[in-house]
Amino acid sequence: MDLDDINDTYVRTKEIPFSSEQKWMAVKCALKNQDQEDIYFMKGAFKEVMQHCTMFNNGGIALPLTPQQKASYAQEEKCMGSLGLRVLALASGPELGRLTFLGLVG
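With the sequence shown counted from 1, adding 19 to any position gets you the numbering used here.
In case anyone wonders, no lab produced these hints; they're calculated from the structure. Nothing here was measured: the structure is a model prediction, and the numbers come from that model. Built from N, CA and C at the ideal position, the CB exists for glycine as well. Wrong hints could be hidden among the right ones.
[Claimed, not checked] Below, simulated BS3-like cross-link-like pairs (lysine-lysine); rule was C-alpha separation at most 25 Å, straight line:
(1) Lys97 x Lys47
(2) Lys51 x Lys33
(3) Lys33 x Lys62
(4) Lys66 x Lys89
(5) Lys89 x Lys51
(6) Lys33 x Lys47
(7) Lys42 x Lys62
(8) Lys42 x Lys97
(9) Lys51 x Lys66
(10) Lys62 x Lys89
(11) Lys47 x Lys62
(12) Lys33 x Lys97
(13) Lys47 x Lys66
[What the hints assert, rightly or not] Taking CB as the label site, the calculated pair distances span:
(14) Glu95 x Asn52: 35 to 41 Å
(15) Pro86 x Pro36: 15 to 21 Å
(16) Ala81 x Glu40: 25 to 31 Å
(17) Leu115 x Ser39: 24 to 30 Å
(18) Ala49 x Ser101: 36 to 42 Å
(19) Gly100 x Ile80: 39 to 45 Å
(20) Pro86 x Arg31: 18 to 24 Å
(21) Ser91 x Pro36: 28 to 34 Å
(22) Leu102 x Asp54: 43 to 49 Å
(23) Pro86 x Gln53: 18 to 24 Å
(24) Arg31 x Glu95: 18 to 24 Å
(25) Ser39 x Ser101: 21 to 27 Å
(26) Asp57 x Val124: 22 to 28 Å
(27) Thr32 x Pro86: 23 to 29 Å
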């Protein structure tokens with residue numbers, strides 16, 4: 020899926036801009052031509068994004084986010100940071116506080 024496909028699929032209905040206090044940003048999108056629940060997409064600092072997550076993506080399947088899984092992701096984020104990478108966490112879901120953790124980029 021490229022940017023044109025995304026623009027053809029979703030319409031942005033709300034934006035929560037990044038701030039240095041909250042350390043994340045999010046957009047709320049609706050699927051064009053479909054009557055489905057809106058979806059939030061969030062990116063930002065690992066610890067801040069994780070506070071909004073209750074699930075994690077495991078091969079396309081959303082599973083409950085356990086303390087052990089959070090610790091594993093925290094270790095990965097720390098490892099990436101030690102390599103000099105600026106690490107962002109990504110998540111999506113139907114509402115803030117009920118997001119699915121998608122992964123880390125750096």
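task: Of all the hints given earlier, name the ones this structure violates by number, lowest first.
output: As far as the earlier hints go, 1, 5, 9, 12, 15, 17, 19, 20, 23, 24 and 27 are violated by this structure, in ascending order.
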